[in-house]
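Letter by letter, the chains look like this.
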Amino acid sequence: MTESGVEPGATAAPEPDRKLDLGPVGHLGDRLFGGLARGSGGLVVLIVAFVGVFLLALAIPALADDRSSFLFSRIWEPGGAEPRFGIAALFYTTVISSIIAMLIAVPIAIGVALFVTYYAPKRLAAPVAHAVDLLATVPSIIYGLWGILFFAPILRPVIDGLDGALGWIPVFEKPLGDNVGVVFTASVVLAIMILPVVTAISREIFQQTPIAHREGALALGATKWEMIRMAVLPYGRSGVVSASMLGLGRALGETVAVLIILSVPNGNDPWNPSIFAGGETFASKIANNAAEFDSPEKTGAYIAAGLVLFVVTFLVNSAARIIVDRSAPGGKRPRRNRSAGGAAAKEGAVA
Amino acid sequence: MTTLAANKPAYDGQTLDLTGKSGARAFRNTLATVLITLAFVLALIPLLWILWTVISKGYNLLFDAGWWGESQRGITVRREGGGAYHAIMGTLIMGLITALIAVPIAILGAIYLVEYGKGTRAAKVVSFMIDILTGVPSIVAALFVYAVWITVFGFNRVGFAVSLSLVLLMLPVVLRSTEEMLKLVPDELREASYALGVPKWKTILKVVVPTAFGGIVTGVMLGLARVMGETAPLLILVGYSKNINLNPFDGFMGALPTMINQDRTELALEPAADRVWAAALTLILLILALNLLARLIARFSTIKSK
Chain A
1 MTESGVEPGA TAAPEPDRKL DLGPVGHLGD RLFGGLARGS GGLVVLIVAF
51 VGVFLLALAI PALADDRSSF LFSRIWEPGG AEPRFGIAAL FYTTVISSII
101 AMLIAVPIAI GVALFVTYYA PKRLAAPVAH AVDLLATVPS IIYGLWGILF
151 FAPILRPVID GLDGALGWIP VFEKPLGDNV GVVFTASVVL AIMILPVVTA
201 ISREIFQQTP IAHREGALAL GATKWEMIRM AVLPYGRSGV VSASMLGLGR
251 ALGETVAVLI ILSVPNGNDP WNPSIFAGGE TFASKIANNA AEFDSPEKTG
301 AYIAAGLVLF VVTFLVNSAA RIIVDRSAPG GKRPRRNRSA GGAAAKEGAV
351 A
Chain B
1001 MTTLAANKPA YDGQTLDLTG KSGARAFRNT LATVLITLAF VLALIPLLWI
1051 LWTVISKGYN LLFDAGWWGE SQRGITVRRE GGGAYHAIMG TLIMGLITAL
1101 IAVPIAILGA IYLVEYGKGT RAAKVVSFMI DILTGVPSIV AALFVYAVWI
1151 TVFGFNRVGF AVSLSLVLLM LPVVLRSTEE MLKLVPDELR EASYALGVPK
1201 WKTILKVVVP TAFGGIVTGV MLGLARVMGE TAPLLILVGY SKNINLNPFD
1251 GFMGALPTMI NQDRTELALE PAADRVWAAA LTLILLILAL NLLARLIARF
1301 STIKSK
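In order, the protein sequence lines correspond to chains A and B.
When we follow the numbering used here, the leftmost residue of the first sequence carries the number 1, and every step to the right adds one.
When we follow the numbering used here, the leftmost residue of the second sequence carries the number 1001, and every step to the right adds one.
Since the hints were derived computationally from the structure, they do not count as laboratory data.
A few of these clues could be false.
As the list claims (entries may be wrong) - These stretches of chain A come out as covered by chain B in the derived footprint (C-beta under 8 Å, 3 or more residues):
id, segment
1, 133 to 144
2, 296 to 302
3, 309 to 316
Said to hold, decoys possible - Not the full set, but computed from the structure, chain B residues with beta-carbon under 7 Å of chain A:
id, residue
4, ALA1024
5, PHE1027
6, ALA1032
7, VAL1034
8, ILE1036
9, LEU1108
10, ILE1111
11, ILE1139
12, PHE1155
13, LYS1200
14, ALA1232
15, PRO1257
16, ASN1291
17, LEU1292
Claimed, not checked - If you anchor each label on the Cβ, the simulated ranges turn out as follows:
id, chain 1, residue 1, chain 2, residue 2, range
18, B, GLY1066, A, LEU28, 32 to 40 Å
19, B, LYS1124, A, ARG31, 17 to 25 Å
20, B, LEU1246, A, LEU315, 40 to 48 Å
21, A, ARG74, B, TRP1052, 37 to 45 Å
22, A, LEU56, B, LYS1124, 49 to 57 Å
23, A, GLU292, B, PRO1210, 48 to 56 Å
The beta-carbon is built from N, C-alpha and C at its ideal position, and this holds for glycine as well.
The shape of chain A in the complex, shown without the other chains:
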């Protein structure tokens, strides 16, 4: 700074009496803009708090009037003078369909992620990754339509086969009739829908496996698969787990695809735990009965159900977040690697 007149070589000690004059400093602008930014941050917190508080405030009066056990009853009759509603059946269908979706999607997603990162030819890898990401851009209503019209019929032999082999377990027992709008069908379609989420995150994690781990394994004569098993998979384990949790969160809350696919059981039918029967999830139940939101009483019952869904997805998603934070590759403490991957690599070094 020439204006301060400090000679070159002299130590630039701050001179209190010679302040730099840079014109108006613009404290006002800073305060305004900073305030706006802070306000937006605060707004996000407020919105989430509002969601929770409003849902709770509207659900509580309905819950207070509920004549059956909200958590353990399977009956859903929120109208009437003596409202009775419970979420047990909804909870069961929501959770079991999402878990089956995970069981199908996660192994395939790991395969796809490995294919893109380590098997596909270099030039193909990027387009191939984009192709899988495309699956995520298909709106869920189209998944639902395609799922029930075109995909469900080819699942019929699978359903019959599982029923034949495992039908003695109530969960796999096929009820009479050739209904394909069943929990199992919804699960498979959900699996396809969450595949891109799980794949994208797993892909990123696998890509970050340190090159030294991989080359170390290969240099020792490991086959490609052994390299993946010793170096890549242990390194990416926590990432894959959290990716799966995020996929699970997505599956739990999916509405329209499930709504279109699942056939709603008749009110008089006894409850059927089978995955080859119809049913309703939290989300599909709420969407199915939007027309019923005519009294605060009934609306409250559905809002209470929505609140449970909110809490469940919240728990699942925060679990995913905690796993990511605690053991992100390149993060603070890659604990798992040391015990599994690192050990195997060391072992290889000795051998």
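Put chain B on the given structure of chain A with help from the hints.
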């Protein structure tokens, strides 16, 4: 090496024999390759199948001028004709309002996280809340807006209510991607600006945000693409109208997802089925266009960090 050798007994069970490629090892390697490739093929099948279904069944009507310019006014499921103009406009209008509300909050929120609140406890709370918002299912967002907009305030079911619920879904997507982009802006740029005596807010507006602009736009496009296909809020918060209604504050409003939903129970009838698939194709094309645009912008405006 000696220290490693001392560790050896602990892992005895896992010792790999890596001398020579035994038949079993080669076989396992081949098996893994086959399975992994198979997983990929398996994942592509539904994608190609869905695209094929929608394109082959929906392309016909798209070449019809009426499809882009007319509504479904007065047209029943059994009758051919009409178009998707009302639904396309509805989807665009609701998307646009959503973006107008969500984008400023998201960008300012990201600026707060990266420039002002970095490392503070308040920023951590905000960040945590964004994570929660990311996981909120669309039906819960819709139910929340229903509770506020209709149950508490007593307003009607209108397009604007849908936009409000979509804001909840779009906000975290845009905020997170903007945050990532702002983080990529090299600190040297900020420091250079501060050194010239530029106040912080001007540095952010004139240096940081323009540098990250391409990435921010990409995030906005992806966020918009995500919410445009949402159906659940439409089902709960606005009725479907076959007529053209461009006013988001009054009356029911058509949208592509609800246009599909409207006729999906009548797929046995050819005119209805044609319209359903054409609407589906239009919706996919709209979302795809946004995605491609986002990718294109991203490609030409990556921040070069040395």
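Status of the hints after comparison with the structure:
1. Coverage of the segment 133 to 144 of chain A by chain B holds. Counting CB-CB distances below 8 Å, 9 residues qualify, and the rule asks for three or more.
2. Beta-carbon proximity to chain B at under 8 Å applies to 3 residues in the segment 296 to 302 of chain A; the threshold of 3 is reached and the given coverage holds.
3. For the segment 309 to 316 of chain A, the stated coverage by chain B is satisfied: 5 residues place a CB nearer than 8 Å to a CB of that chain, which reaches the threshold of 3.
4. For ALA1024 (chain B), the suggested interface contact is broken, since its CB lies about 11 Å from the closest CB of chain A, more than 7 Å.
5. Taking 7 Å as the C-beta cut-off, the interface hint given for PHE1027 (chain B) is violated, the closest approach to chain A being about 10 Å.
6. Using the Cβ-Cβ criterion of 7 Å, the hint placing ALA1032 (chain B) at the interface with chain A is satisfied: the shortest such distance is roughly 4 Å.
7. Evaluation of the VAL1034 (chain B) hint against chain A yields a violated restraint, the C-beta minimum of about 10 Å exceeding 7 Å.
8. Restraint check, ILE1036 (chain B) versus chain A: the minimum CB separation of about 5 Å is within 7 Å; hint holds.
9. Among the interface hints, the one on LEU1108 (chain B) holds; its C-beta lies about 4 Å from the nearest C-beta in chain A, closer than the 7 Å criterion.
10. Satisfaction of the interface hint for ILE1111 (chain B) is found here, the shortest Cβ-Cβ separation to chain A being roughly 5 Å, below the 7 Å cut-off.
11. Hint on ILE1139 (chain B) holds. Least Cβ distance to chain A is approximately 4 Å, under the 7 Å limit.
12. This hint is violated: PHE1155 (chain B) has a C-beta 14 Å from the nearest C-beta of chain A, more than the 7 Å allowed.
13. The criterion of a C-beta within 7 Å of any C-beta in chain A is met by LYS1200 (chain B), whose closest approach is roughly 5 Å, and the hint holds.
14. Given hint, ALA1232 (chain B) at the interface with chain A, holds; its Cβ is 4 Å from that chain's nearest Cβ, closer than 7 Å.
15. Residue-level restraint check for PRO1257 (chain B) holds (minimum Cβ-Cβ distance to chain A is 5 Å; threshold 7 Å).
16. For ASN1291 (chain B), the shortest C-beta to C-beta distance to chain A is roughly 6 Å, which falls under 7 Å, so the interface hint holds.
17. A hinted interface residue such as LEU1292 (chain B) counts as satisfied when its beta carbon comes closer than 7 Å to some beta carbon of chain A; here the least separation is about 10 Å, so the hint is violated.
18. Take GLY1066 (chain B) and LEU28 (chain A): their Cβ atoms lie about 56 Å apart, and the range 32 to 40 Å is violated.
19. One distance hint, 17 to 25 Å for the beta-carbon pair LYS1124 (chain B) and ARG31 (chain A), holds here, with the actual separation near 23 Å.
20. Range check, LEU1246 (chain B) to LEU315 (chain A): Cβ separation about 42 Å, and the 40 to 48 Å hint holds.
21. Separation of ARG74 (chain A) from TRP1052 (chain B) is about 41 Å and conforms to the stated range, judged on CB atoms against 37 to 45 Å.
22. With their beta carbons about 24 Å apart, LEU56 (chain A) and LYS1124 (chain B) fall outside the hinted range of 49 to 57 Å.
23. Remark: the range hint 48 to 56 Å for GLU292 (chain A) to PRO1210 (chain B) is upheld by a beta-carbon distance near 51 Å.
In summary, the structure is inconsistent with hints 4, 5, 7, 12, 17, 18 and 22 from the numbered list given earlier, while agreeing with the others.
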